[in-house]
Structures are given as C-alpha cells and as structure tokens.
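Here's the letter readout for the chains.
There are 4 protein chains.
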Amino acid sequence: MPNDLSIYKRRESEARSYCRSFPTSFNRAKGSEMWDVDGNRYIDFLAGCSSLNYGHNDRDMQAALIEHIQADGITHGLDMHTETKQAFLTAFEDIILKPRNMDYKVMMTGPTGTNAVEAAMKLARKVTGRTNILTFTNGFHGMTMGALAATGNAGKRNGGGMPLAGTTHMPFEGAFGPDVDSLSLIEQMLDNPSSGIDAPAAFLIEPVQGEGGLNAASTEFMQGLARLAKKHGALLIADDIQAGCGRTGTFFSFEEMGIEPDLIPLAKSFSGMGLPFAALLVKPEHDIWKPAEHNGTFRGNTHAFVTARIALEKFWKDDAFSRELAEKSVQLTSGLQAVADEIEGATLKGRGLMQGVDVGGGELAGAICARCFEKGLIIETSGAHDEVVKVLAPLTTSSALLREGLGILLEAVREVNTTKMAAE
Amino acid sequence: MPNDLSIYKRRESEARSYCRSFPTSFNRAKGSEMWDVDGNRYIDFLAGCSSLNYGHNDRDMQAALIEHIQADGITHGLDMHTETKQAFLTAFEDIILKPRNMDYKVMMTGPTGTNAVEAAMKLARKVTGRTNILTFTNGFHGMTMGALAATGNAGKRNGGGMPLAGTTHMPFEGAFGPDVDSLSLIEQMLDNPSSGIDAPAAFLIEPVQGEGGLNAASTEFMQGLARLAKKHGALLIADDIQAGCGRTGTFFSFEEMGIEPDLIPLAKSFSGMGLPFAALLVKPEHDIWKPAEHNGTFRGNTHAFVTARIALEKFWKDDAFSRELAEKSVQLTSGLQAVADEIEGATLKGRGLMQGVDVGGGELAGAICARCFEKGLIIETSGAHDEVVKVLAPLTTSSALLREGLGILLEAVREVNTTKMAAE
Amino acid sequence: MPNDLSIYKRRESEARSYCRSFPTSFNRAKGSEMWDVDGNRYIDFLAGCSSLNYGHNDRDMQAALIEHIQADGITHGLDMHTETKQAFLTAFEDIILKPRNMDYKVMMTGPTGTNAVEAAMKLARKVTGRTNILTFTNGFHGMTMGALAATGNAGKRNGGGMPLAGTTHMPFEGAFGPDVDSLSLIEQMLDNPSSGIDAPAAFLIEPVQGEGGLNAASTEFMQGLARLAKKHGALLIADDIQAGCGRTGTFFSFEEMGIEPDLIPLAKSFSGMGLPFAALLVKPEHDIWKPAEHNGTFRGNTHAFVTARIALEKFWKDDAFSRELAEKSVQLTSGLQAVADEIEGATLKGRGLMQGVDVGGGELAGAICARCFEKGLIIETSGAHDEVVKVLAPLTTSSALLREGLGILLEAVREVNTTKMAAE
Amino acid sequence: MPNDLSIYKRRESEARSYCRSFPTSFNRAKGSEMWDVDGNRYIDFLAGCSSLNYGHNDRDMQAALIEHIQADGITHGLDMHTETKQAFLTAFEDIILKPRNMDYKVMMTGPTGTNAVEAAMKLARKVTGRTNILTFTNGFHGMTMGALAATGNAGKRNGGGMPLAGTTHMPFEGAFGPDVDSLSLIEQMLDNPSSGIDAPAAFLIEPVQGEGGLNAASTEFMQGLARLAKKHGALLIADDIQAGCGRTGTFFSFEEMGIEPDLIPLAKSFSGMGLPFAALLVKPEHDIWKPAEHNGTFRGNTHAFVTARIALEKFWKDDAFSRELAEKSVQLTSGLQAVADEIEGATLKGRGLMQGVDVGGGELAGAICARCFEKGLIIETSGAHDEVVKVLAPLTTSSALLREGLGILLEAVREVNTTKMAAE
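Residue numbers (our numbering), protein chains in the order written: chain A, 1 to 424; chain B, 1 to 424; chain C, 1 to 424; chain D, 1 to 424.
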C-alpha cells in the first residue's frame with residue numbers, strides 16, 4: 001500500500017492531531033525505533049506519550065501475547081474472573097504493592113486514563129459527601145466531562161460545549177513564579193471560611209505535569225498537599241497516568257516522597273505494550289463502591305493483563321531497572337543542558353526520563369520539533385504555550401540511541417537558530 | 001493455578017460485578033463457548049455484552065493479529081498515520097459506507113463506548129451552540145460524567161456524587177404503555193415555548209435499548225425523532241454501541257429505517273474480537289472539531305484496527321451474513337416464545353439477535369440466570385428492574401448451539417418454576 | 001410635569017415591559033381605578049399582576065400607614081423584633097392559621113416572590129438531602145437563577161445566560177390535552193428507577209398558573225401530587241404568590257383541596273397595599289434553617305407589616321369576603337363567557353377572580369388588550385403564546401365596575417373582530 | 001402590647017438572626033436612635049446594615065411620603081410610567097449622573113440587592129456570551145442561587161443545598177497578606193491559557209467589602225481590575241449595595257478612583273428611608289435586554305421613588321454633605337483608634353463612614369457588641385470570622401451622637417477586657 005494519505009482527509013475526523021506533526025505512514029516499530037512505509041527510520045522520543053515506556057513490541061510481551069492468543073485464551077471477559085487476570089493481580093500484589101508496603105485495591109476502569117480519573121473523582125465525592133475537586137493550573141486529566149472539568153487547557157475546556165462543574169483550580173507549585181508559595185496560598189484559601197472555595201472532596205494532582213509543561217512538584221509540595229488533604233478531610237489523588245510506570249525513575253512518581261495517596265489513576269504504560277488499559281488504585285478503606293456502580297464493557301483488557309504481567313516481572317522484580325533509569329536520567333539532563341545552552345533564556349524542566357527544555361515560546365519549540373522529524377526524530381512539545389520540547393523516550397532506550405536522538409535534537413536547534421538569525 | 005479467588009477479594013475493587021454472577025475462573029474461549037480452569041464448559045449467551053458478536057477468538061482474526069505482532073507491526077501509534085489504520089479506514093469505507101450510500105467521517109475516540117458518547121455530546125453542543133441533550137428513559141450511555149447524565153439508571157447516576165447536567169430525559173417509545181404516544185408528548189413539549197425543556201442540541205437514543213430492557217424503537221418512532229430533530233434544529237445521535245455491528249441483523253440497527261443519524265457512536269463489537277475500540281461516525285458537515293480538541297492516548301487501538309478490518313471483510317462483504325442472522329432471529333424468537341409460555345404474563349422483548357423475555361420481575365429473572373449458569377449457560381438480565389432475561393449470543397453461534405443454549409434456558413425456567421411452586 | 005416619556009428612553013433599561021403596553025403616565029389610583037397625568041381614567045383589570053387584590057390605596061391601610069409614619073414607627077428594622085412585626089405575626093396566627101387548623105412558621109424572605117421561591121427550593125434540598133425540584137410546564141416562579149430554573153418560559157430562561165440546574169419539568173394537568181393523565185405519567189416516571197428523573201426534593205407548583213395561561217389544577221391533581229410527594233419522600237411546595245391572598249376566592253388557593261403543602265411562598269398581595277413583601281410558610285418540622293443561613297437586608301418590610309395586618313383584619317376575620325368573592329366569580333365567568341362567545345374556539349380559563357379567555361393566539365389577544373386600553377381598561381395577556389386575555393381585577397372591585405370593565409372588553413373584542421373581518 | 005417575644009419562637013422561622021443579637025422589641029426610631037417598647041433608647045450604629053444612611057424617619061421623606069399617600073399617589077405600578085418614577089429618574093439624572101459625567105441607564109430590578117446582582121450577572125453573561133463571573137474572597141452578594149455562587153461565606157453557600165455554578169473566586173486585595181500582590185496573581189491566572197480559569201464574563205467586586213470584614217480595595221487595585229477586565233473582554237461590576245449612597249464619603253464608593261464600572265448594583269440606602277428598593281445601573285451600550293427578559297412584580301417601589309428623590313435632592317445637590325462626611329470620617333477613625341489601642345494586635349479596617357476594628361477574633365468581637373447593646377448601642381460584627389466590630393452609623397449622625405456611641409464602644413471594650421483578665 002503506497003503512502004497515500006487521502007483516506008484520512010476523506011474519512012478521519014478533523015480531531016486527529018499527532019498525524020499532522022508527523023506526516024508519514026508508519027508500519028513497523030521495535031524498541032525505540034519506528035519505520036514508515038517508505039522504509040525511513042525514526043527514533044521515537046514520544047513513546048506514545050509515555051504509553052510505551054518499555055519500547056515498542058517488547059520481545060517477551062510479544063511472545064506471551066501470541067502464546068495467549070494461540071491457546072484461545074480469553075480476549076474479552078468483561079470483569080469476570082479469568083486465570084489471566086488472577087495472574088496479573090497476583091503479580092501486581094507481589095512485585096509492586098508488597099515491596100513498597102502499599103495496601104491498595106485495583107479498580108479496573110474503562111481502558112482510558114480519563115475513565116480512571118472519572119472513577120477517582122466519583123469515588124472521592126462518594127467517600128466525602130462533597131463535590132469540589134481541587135485541581136491545578138496546567139493540569140491535564142482527560143476529555144470526558146468530569147475529567148475535563150479538572151483539566152486546565154482552555155481549548156480543551158471549550159470543547160466541552162457547556163460550563164464545566166465540580167472543580168476549583170489551584171496554583172501548581174511555582175505557578176506564580178519562585179517568590180510565591182503556592183502551598184501557602186492554597187492553605188490560606190482553605191482556612192478562610194469565606195474564601196468561596198467549597199470544602200474539598202479531593203486534591204487531584206499529577207506529581208509531574210506531562211501536558212502542562214513538565215512541571216515537577218517537589219517532595220515538600222506533595223507532602224504539604226497530603227497534610228492539607230488530611231487537615232481538611234479531603235482525599236489525595238495522585239494522577240500517575242503519564243508520570244507513573246517508571247517514567248520518573250521509580251514505578252510510582254511519588255514513591256520516594258513519603259506520601260500515601262488515597263487514589264492513584266494509572267493508564268498509558270500500565271499494559272506494558274501500549275494496549276488500552278487503565279486502573280484506579282484505591283486504599284481499601286475507600287473502596288465503598290457498590291457492585292457495578294461504575295461499570296463499563298472493556299474494564300479489564302485481557303490481552304493487556306498478559307503483557308502488563310510480563311512488564312512487571314521483567315522490569316520491576318528488583319531495583320536493577322530503577323538504577324539504570326537513574327543513570328539515563330543523568331545522561332538526559334546533560335544532553336538537554338547542551339540544548340538549552342544554545343537558546344537564550346532556555347531552562348530545563350521535569351525529572352527522571354520525563355525532561356525537556358523550555359525554549360521560551362511555542363513557535364520556536366514547534367520549529368525545533370518539525371526540524372527533528374525531518375532528521376528522523378519523533379519528538380513533541382508540551383506546556384500552556386507549547387513552549388517545552390519534551391523528551392519521553394522509552395525507558396528502555398539504549399544509551400547509544402539516547403545519545404543519537406539528543407544529537408539530532410541539538411543539531412535541529414542549531415539549524416533553527418541559524419535560520420532564525422538569517423531571517424532577522 | 002487453582003481456582004482460588006481470594007486475590008479478588010483482597011485486591012480487586014468492590015465495583016466488580018459480572019464475576020459475582022459467574023463465580024468461577026475462566027481460561028479459554030472459542031466461538032460461543034468458554035471453559036473454566038476446572039475444565040467446565042459453558043455456552044456464552046452474553047458475549048461480552050455484545051462485544052463478541054463474531055464469537056471468541058475468531059480464527060482469522062487470531063491469525064491476522066498474530067501475524068501483525070510477529071511482524072513488529074505498530075501496537076500503539078497514538079493517532080498517527082499507520083498502514084494498519086489506513087487499511088481499516090479503507091475497508092470501512094468500501095464495505096460499510098459505500099454500499100449503504102452513507103457519508104460519514106470516523107472520529108477515533110478513546111476506546112470505550114462512553115468516550116464515543118461524550119465526543120458525540122460535545123460535538124452536538126459545539127455544532128448547535130446549545131447544551132441540552134434529549135435522552136430517553138431506560139437509556140444507558142456510559143459512566144463518565146457527560147454520558148452518565150444521559151443514562152437513566154438511578155444507581156449509576158447516584159454514583160456520580162453530584163448533580164448531573166446538560167440532559168433532559170424523554171419517554172422512550174412505549175414508556176407509558178401502549179396507549180400513550182411518546183413521540184406526540186415529546187413534540188408537544190418541544191413545541192411549547194414554556195415547557196421548560198431547553199432547545200435541544202441533540203436527541204441521543206439507542207435504537208434498541210440494551211441495558212434498559214431490550215426496548216426496540218419502531219421505524220415510525222425513529223423517523224419521528226429524525227423529523228423532530230430537523231424541525232427543532234437538533235442533531236440525531238444513534239448510539240449503536242450495543243445494537244450495532246450486526247446485533248439486530250444488519251450492520252447498523254437503524255439501517256432499514258430510512259433515517260440518517262448525524263452522529264453514530266460505535267464500540268463493543270466494532271473491533272471484531274473484543275478488543276477495546278470505539279469510534280464516532282460524524283456527518284462531514286458536522287466535523288468542525290479543531291485538531292486535538294477531543295484527544296486521548298488510546299484513540300485508535302492498532303491491534304483493533306487489524307481485527308476490525310478482518311471482521312468487515314469476513315462478514316460484511318455481501319449479504320450472506322445478514323441473511324443468516326435473519327434465520328437465527330426466527331429460531332431465537334421461537335425458542336424464547338417457548339420460554340415465555342412457561343411464565344404467566346411473560347412477554348418477548350427486542351429484535352434480531354438481541355431478544356429476551358420479560359419475566360415480570362428481577363428476582364425471578366435472577367433466579368433463572370443463576371440456574372442457567374449452574375447448567376452451563378452464561379446469560380444475564382436487563383431492564384430497569386432486571387426483569388428481562390436477555391440473550392446476546394454471538395451472532396456466529398451455530399444453530400445447534402443456539403438450540404442447546406435455549407434448551408438449557410427452558411429447563412432452568414421449568415426448574416425455577418418447580419422450586420417456586422414447592423415453596424408456595 | 002407633562003406626559004413626557006423621553007426620560008424613560010434615555011434613562012430606563014430596555015428590560016422595562018408593562019409601560020410599553022400602557023403608554024401613558026399614571027399619577028393617581030384608588031380602588032379599581034387609575035388616572036394618568038392628563039386626567040384620563042382607567043379601570044384596572046391587572047391590579048399589579050394580583051398585587052393589589054384589595055385595590056389601590058385602601059383607605060384603612062392608608063390611614064394606618066400614615067399613622068405609623070407620623071409616629072416615627074420603624075421603617076426598616078432588618079429582622080429585629082418590632083412591635084409592628086409582632087402585631088402582624090399575631091394577626092396572621094389568629095386570623096389565617098388558627099381558623100384553618102394550619103401550623104406553619106413564617107420565614108421573612110427578601111421582599112420578592114422569587115426570593116421566597118428560592119428560599120423554598122433551598123430548604124427543600126436541605127431537608128431532603130436531594131437536589132432535584134420537580135416543576136411544571138408553563139410554571140413561573142421568578143427570575144433569580146434558582147427560581148428561573150423552575151420557570152418554563154424559554155425567553156426568560158435564555159436570559160439566564162447559562163444552563164439552569166436543579167430542576168426537572170413535569171407536565172402540568174392537561175399539558176398534553178384532556179386524554180393524557182399527567183399525574184399518571186409523573187407517577188410512572190418516578191416509579192421507574194431508570195427514568196433518569198433524579199429522586200425529587202420537592203414538587204413546586206402553582207395551584208393556578210398565573211403567567212402560564214390560568215391553568216387551574218384540580219383537587220384530584222393536587223391531592224395526587226401530595227400523595228406522590230409523600231410516596232417519594234419529597235416536599236410539596238405550593239407557590240401561592242399570584243393565586244393566594246384571596247385571588248381564587250379563599251385565602252389560599254388550595255384551601256378546599258384537603259392538602260397540606262410543606263412550604264408555601266407568598267408575596268404580591270400579602271402586604272395588602274402593593275408594598276414589596278414576601279414570606280415563606282414552613283411546616284415547623286422542616287424549619288431547620290440555621291440563623292441567617294438565608295438572610296437579606298429587606299426581610300420584613302415594616303411598612304408592609306402595618307398594611308398586611310390591616311388587610312387580614314379587614315377582609316379575613318370572617319367569611320363575608322369569601323362569600324362576596326364567590327358571587328363575583330360567577331359574574332366574571334358569565335361576563336367572560338359572553339366574550340368567548342364572540343370568538344370561534346375560545347375557551348374560559350382559570351377560577352375564582354383569576355379567570356380569562358383563551359382566544360387562540362397571542363396576536364389576537366394582544367390586539368384585544370390594546371383596544372381595551374384605548375377604551376380605558378387596563379388588562380393583559382398570559383400563556384405560553386400570550387393567548388389568554390386575563391382578568392385580575394382587584395377582589396374589591398364593585399359589581400358595577402366589574403360590569404363596566406367586562407363591557408369594555410366585550411366591545412373591544414367586537415371591534416377587533418370587525419377590523420379583522422374588514423382586513424380579510 | 002408587652003415585650004413578649006413568644007410569638008417569634010412560635011411563628012417565625014429559625015432563619016431569623018439580628019433579633020438574636022438585640023433581644024428586645026423596638027417600636028420607634030428617629031435619626032440615629034431607636035427605642036424599644038419599654039422606652040429604652042439605643043444609639044444605632046448598624047443603620048439597617050447601611051440601609052439607613054440618612055437615619056431613621058427623615059422628616060422630609062416622611063412628609064413627602066405621607067403627602068403622596070394622602071393624594072392617592074400610585075403605591076404599586078409594576079413598571080408602568082408614573083409621575084413619581086419620572087420625577088425620580090429625572091432627579092437621578094440631574095443630581096447624580098450629570099455632575100459626575102456618568103452615562104448609565106437604570107434597570108429597576110426586584111427590590112433586593114440580590115436581585116440587582118443577579119440581573120448584573122445575567123446581563124454580563126448575555127453581553128459577553130461567557131458564563132464565568134470572577135468574584136472575590138470574602139465577597140457577599142446575596143442569597144439567591146446566582147448571587148450566592150458569587151458569595152464567599154461557607155455557611156451561606158451550604159444553605160444552597162447543591163453545588164453553585166458560574167463563578168470563580170479570586171483573591172481580594174490583601175487576601176494573602178501584604179506581601180502577595182493579588183492583582184498580579186489574577187493577571188497571571190488569566191494570562192495562562194491552561195490555568196483552568198474560564199474566560200471571564202465579568203469581575204464582580206464590592207469596592208469595600210461590607211460583610212467580609214470592611215476590606216477596602218485601593219484605587220490601584222480597582223484600576224488594575226478595570227484594566228484586566230478590558231484586556232480580557234470582561235465587564236466590571238462594582239457592587240455598591242452596601243458601600244454606595246454616600247457610605248464611604250461620596251455617592252459612589254469608587255467615585256474618586258477614575259474607573260467606570262460597566263454595571264453597578266445599588267440597593268440598601270438607595271430609597272433613602274429604608275424602603276425595599278434596588279436598581280442596576282447599566283452602561284447604555286450593554287443595555288441589550290429584551291423587554292421583560294428579567295422581570296418581577298415589585299420592580300420599582302413607588303413609595304421608594306418618592307423618598308429616594310427626596311434623598312437625592314436633600315443630600316446630593318451640592319458637595320456640602322460630602323464635606324461633612326469627610327469630617328465625620330476623621331472623627332470615626334480617631335474614635336476607633338482609641339478602641340483599637342485597648343486591644344493587642346487590633347487594627348483599623350474600612351474607610352469613610354464604613355470603618356471598624358479587627359479585634360482578632362469573633363468571640364471577643366461578639367462579646368464587645370453584646371456589652372454595647374447592654375449599654376444602649378446597637379452595633380454588629382463583620383468578617384470571615386466575625387472578627388471586626390463594624391460601625392455603620394447613619395451618615396447623618398451628629399458629631400455628638402457619634403462621640404457618645406464611640407464612647408460606649410470604648411467602655412464596652414474596657415469592661416470586656418477587665419472581665420477577660422479576671423477570668424484568666
């Protein structure tokens with residue numbers, strides 16, 4: 001089949017987006033590389049927006065999934081008991097929960113991040129008898145009406161077509177610059193009975209904001225929120241959909257912060273292989289759902305149970321992977337610093353394998369990413385003004401490939417700078 | 001692994017539901033049959049709530065999917081162009097749209113029915129500049145806050161934890177019994193400028209209500225809604241998530257009604273194999289989305305593109321399958337009539353391969369389904385009071401298996417009747 | 001000062017309305033008559049939309065109010081105890097509550113009907129812990145956002161500028177014509193747990209709909225609502241703002257229906273003299289307000305306490321006034337029948353001194369009222385299409401004046417008919 | 001009638017409030033003094049919460065009102081043209097608007113502040129096509145559902161019984177202490193397209209917060225809001241219900257700030273005599289109401305037109321009154337400083353004749369006010385924690401009476417201090 005894209009114009013909705021940045025047709029992917037139908041090879045620094053933390057088509061996941069299919073294993077089982085689900089839950093308990101002394105129940109939600117977030121919001125309201133979810137500037141939690149109300153982006157919010165309800169947006173750490181303590185403002189608002197901020201059912205926060213510009217909350221900030229949540233009778237919801245599953249260097253992004261969120265939405269890389277899968281981790285005392293009170297057809301994607309279990313067993317049985325990630329983070333920081341040094345006023349954002357460069361504006365960031373793509377690197381922007389060039393390479397990317405990709409990025413920046421200067 | 005279910009109590013949320021009706025652990029499925037870990041065989045008259053219209057693990061879909069995986073085909077590609085997606089869209093255009101003279105664009109939404117419904121509601125509001133979506137008694141459209149507002153079930157609605165907004169519930173055909181014309185009531189409400197019913201952005205209706213009790217709207221009713229929609233400047237959204245993909249005997253449930261819905265949410269069996277997948281069909285003139293205005297990570301599940309294409313090519317290239325379904329519908333009606341004859345006041349509900357028996361109450365229906373399971377038949381209830389025993393067998397169920405399953409159902413009804421009489 | 005109206009164009013908002021129907025400047029009023037600055041005399045069949053049930057400037061109310069002012073009686077006392085308020089409450093207890101065996105507490109709300117309605121809606125939600133107020137087609141309850149949500153009129157609702165929440169509109173008696181039993185529809189909706197109608201906090205109904213077209217609910221309908229409210233744990237709110245204070249022939253419009261509403265908003269004629277005043281009658285068991293939980297500066301208009309007490313003492317100490325009203329109702333019906341006989345298809349609406357003629361359309365009704373004004377009669381339309389010519393003469397209008405006014409109306413109808421025929 | 005208050009317990013709702021602070025029964029009032037039925041005299045430093053800026057029963061207003069009543073002047077005229085209304089509008093134009101070069105139209109709303117605020121919110125939404133009204137911490141705007149959403153007080157908000165919509169609460173000047181610039185925070189929130197703060201229809205602010213603790217916005221802050229409103233396409237609504245009508249020393253509280261609010265709700269003292277009356281001033285270009293789009297029975301209280309006109313003519317024809325107020329403000333500040341000096345950490349709040357002392361806590365402030373009442377001074381608290389002792393004496397209070405009242409306050413503070421020390 002030729003690289004003819006007319007079918008998309010004719011038959012796919014204008015809502016499509018990433019394909020506009022990467023105007024080719026892909027047909028093969030392995031590890032951190034993708035190939036298009038013309039045989040061109042690309043390094044993937046987007047990784048399905050962090051859905052492919054273990055790279056494309058991990059050999060072991062492929063093998064297990066093929067074996068499952070060949071054995072007529074369950075493909076779709078609603079939320080019935082299946083051997084596959086049992087094995088996954090057992091692995092999750094043994095490999096993730098127990099070693100971290102975490103006690104959570106797994107709620108299989110519809111296989112989208114937004115569904116897990118909606119389940120969390122509904123449950124927080126049910127547990128507290130309150131409606132107001134405190135969310136944060138630049139937060140991104142999903143497109144369905146409940147989660148959209150918790151999302152900051154004006155364009156996305158306008159897509160709702162009617163006023164969004166049930167949330168109040170609080171300043172994320174650093175939202176007003178380094179001299180204003182967001183946590184203190186939030187505490188003052190909550191302590192003032194005439195602030196107009198209704199008693200919170202929950203704080204809903206991404207420990208590292210993926211879409212919002214790689215803003216990473218500090219341990220102090222997260223601990224402060226945990227304290228405020230307790231003080232005001234609210235739950236703490238850590239949305240680890242993009243930052244979880246190892247992206248920041250540990251399985252959970254908040255793992256070393258000494259906090260225990262009440263609810264934890266997971267999705268994206270949770271299936272290991274990029275299959276649709278989402279879940280909400282719930283502290284047992286909050287698991288007051290009635291059967292089917294939040295239901296859905298695809299709760300639990302059985303193929304994803306297969307690959308998710310492999311991901312846990314292969315990468316998280318000991319701390320080898322985490323140590324590897326720590327090293328790569330250093331390499332990434334160093335590579336991005338070189339990039340930032342080329343751009344006046346540029347700063348580094350994020351942490352772990354979730355870092356980027358704030359280049360100061362969306363136009364420049366877009367030009368850099370477009371140039372990268374021409375040079376064989378898939379990379380995207382982030383931030384309220386699309387001003388951050390964001391690296392979300394698979395966690396399994398080899399040091400060499402990481403270096404190659406960062407090299408392309410550096411070259412692209414230099415070329416864009418040259419073009420810019422020529423134009424001035 | 002033994003059939004030990006303790007992990008579910010320990011680690012899965014109380015929200016789980018179907019597993020309570022079918023207390024065993026499944027590990028294999030093919031066509032219309034499932035097997036548990038102890039080797040027990042079950043006939044599946046639930047079919048993933050109509051997500052497995054082509055049966056479990058269709059051989060051709062399995063083969064194509066395995067081939068795709070082995071070739072390192074894209075597993076997750078966000079909404080980028082992929083050869084796989086292109087092939088799917090082309091097949092959908094050729095096999096479904098063109099022969100039916102239908103002109104729609106496909107919006108890949110998050111891979112859940114509720115996400116496709118939310119996208120439809122948002123788009124209808126955007127197109128009309130209005131907010132009020134007219135939905136129907138006993139309707140079921142999903143669990144996220146937008147779609148939940150369009151769902152009738154009180155238990156599900158209460159799960160929202162706060163008032164739901166943006167919808168008005170209208171009486172479905174026959175909601176007030178045979179002597180009250182729902183369509184006329186709706187028209188009078190809309191014609192009265194002081195009715196308090198705000199100008200509608202859309203009608204959102206399931207042509208056959210799956211969860212609501214297999215209520216099948218007539219051609220007259222659907223045409224009437226289409227007329228009212230036009231008259232009042234509203235869109236018509238036909239939610240074909242459960243009733244579509246052949247369930248009623250044709251690919252779309254409304255196909256022979258002479259109407260052209262503006263928006264058509266699809267999910268459940270759209271992937272062919274039970275993989276998470278959903279889409280919204282949009283008339284081109286309404287496709288006014290801005291890029292990424294409704295986005296999401298798993299829009300387009302590439303594995304599902306593979307199997308969905310096979311499903312189209314295998315079952316819908318000509319009308320053989322439809323003719324087969326027409327015959328099976330007759331067989332199903334006849335079998336269910338025999339069941340209904342055993343229960344005083346029982347009536348048949350639904351149409352096509354989406355039929356059931358209203359046995360008059362939820363307790364009886366529940367007892368029948370429980371007895372069926374003991375006898376090796378997986379079947380569930382439906383309806384506002386769970387009063388309908390609902391058959392959603394795979395469309396590919398052989399005549400013999402259909403007969404066997406219906407036979408179990410009949411026996412179960414007789415046994416329950418006997419037990420009841422003994423108790424009285 | 002000349003009858004120069006330019007100041008209104010220059011300085012009064014376009015929201016002004018009644019002055020457009022009656023384009024002159026009034027400066028004196030007594031009983032059922034008004035005079036403009038040019039000395040023209042008008043019979044008043046509008047009576048401040050039923051705010052002047054005892055006529056303009058009742059001699060005894062004038063005297064009492066002047067005496068109060070001259071004695072430096074309290075004009076504004078917030079909701080402090082005043083001798084005047086005490087006297088009013090005592091009179092209300094003795095003259096209205098005790099003889100009717102009614103046990104209610106009086107909540108002084110802001111002095112507008114809409115404020116009393118909002119207080120009722122808030123209290124019903126507080127008492128039941130539910131949010132959904134069931135209101136009715138063609139209902140009118142006020143312009144502030146809570147009451148506006150309970151109002152049916154589309155134009156008024158659009159004025160809200162955003163979606164209105166917290167109410168569901170039910171069909172008033174006869175809303176779908178004589179063959180459809182609204183009460184039965186409502187009961188079916190409430191009995192169906194999947195109807196999408198959330199559990200009601202209250203029914204909010206005008207026993208006779210003033211703005212909605214003089215639709216008078218029957219005793220059976222009101223009793224049915226009372227029964228449904230009890231069955232479903234909802235309160236019954238009888239909005240007697242326009243129909244109360246004698247307008248239907250008894251002090252409360254529902255007085256002879258054998259029902260006991262939980263909450264009764266009163267306003268309009270409650271002050272006796274047309275002064276701003278409103279209150280909410282609350283069954284003692286529902287009076288769970290915390291102090292100042294619903295507050296406001298003008299709760300309790302002390303001047304109105306003076307005149308309201310006179311009204312009670314003068315008109316309601318025995319049943320003479322009610323008997324007089326019964327006679328006048330007969331006269332009014334008879335006069336309106338003569339009017340209706342002139343117009344093909346016209347029907348009588350309403351009851352007591354709250355009657356009118358549905359002339360079939362708003363254009364005709366408007367023409368009739370305009371002609372009336374030219375002939376010295378102030379009268380207005382009502383109804384979803386402004387199709388009802390509505391008589392709201394002061395209850396104290398003499399038989400002779402009533403006859404004179406009805407005579408003008410009859411003439412006006414004939415003249416309009418003649419003009420119409422000439423034009424055809 | 002004896003001072004028997006049992007009728008209130010028996011027949012007035014628990015919502016009553018001020019009467020609990022002042023447990024006696026009043027029957028006469030003149031100027032700045034009130035008398036109870038036992039003949040006790042009280043100095044009134046509450047003035048109907050600023051509704052009696054010209055004192056109780058102003059001689060000239062009494063005379064004009066009595067003359068109007070005796071002449072059978074219109075008492076209630078809906079919103080028809082009346083000689084009385086014409087005279088009022090003309091006086092308002094001549095005395096208030098013209099000398100200030102202000103061009104506004106007067107919208108007669110229901111005669112409560114909350115109704116004027118609701119009209120403003122509705123109109124701002126209509127003009128801008130947006131829904132979000134930005135309101136402020138500690139703001140108070142009314143009890144009906146629209147205005148309540150703009151009010152900060154948690155107790156009042158909870159009275160709503162359901163989530164409130166359509167507003168976002170911003171920090172008032174100084175809300176986070178002197179080191180955080182609220183205006184800058186607001187600007188940053190609005191400039192950030194991902195802040196989650198929807199595009200504003202309006203800013204709604206009290207230039208001096210009456211209920212919220214006498215927080216007075218500076219000229220810089222108000223000018224900043226005016227600038228932000230313009231920048232972001234929003235209207236500026238200055239709620240001058242409590243701070244207007246001379247309370248701060250000029251007719252409008254913002255008069256010397258060089259800003260031109262788009263909408264100005266007025267009520268409380270606008271009638272001059274404490275009669276229910278409210279209006280919304282609207283810049284002509286925003287007066288896009290359709291006739292009756294916001295209506296109501298008591299729009300325009302004709303008695304209030306009479307007294308309101310007298311108030312304008314008597315007090316505002318020249319700047320003598322303003323100069324007098326300036327002097328009294330100095331006296332008030334000085335008296336309150338003496339009070340503050342008695343209490344550790346106490347600070348002065350407010351400006352003009354709207355000043356008070358923040359005594360640090362509600363218990364102490366309550367004890368002081370209670371002691372004042374025992375000593376013959378009516379005075380109330382204000383603030384989120386009721387921590388401000390607030391002086392709202394009539395503007396016409398003589399210097400001698402002001403001194404006497406302040407003397408009582410000082411004594412009360414000393415006595416409470418002594419009691420406190422004794423208890424420690």
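The hints are simulated quantities; they were obtained by calculation from the structure and are not laboratory data.
Just so you know, not all the hints are guaranteed correct.
Each pair may be met inside one copy or between any two copies, as identical chains are not told apart.
Here are the simulated DSSO-like cross-link-like pairs (lysine-lysine), alpha carbons at most 30 angstroms apart as the crow flies [claimed, not checked]:
id, residue 1, residue 2
1, LYS30, LYS420
2, LYS230, LYS290
3, LYS283, LYS328
4, LYS156, LYS98
5, LYS420, LYS9
6, LYS30, LYS231
7, LYS98, LYS231
8, LYS420, LYS230
Would you list, in rising numerical order, the hints stated earlier that this structure does not obey?
-> 1, 3, 4, 5, 6 and 8
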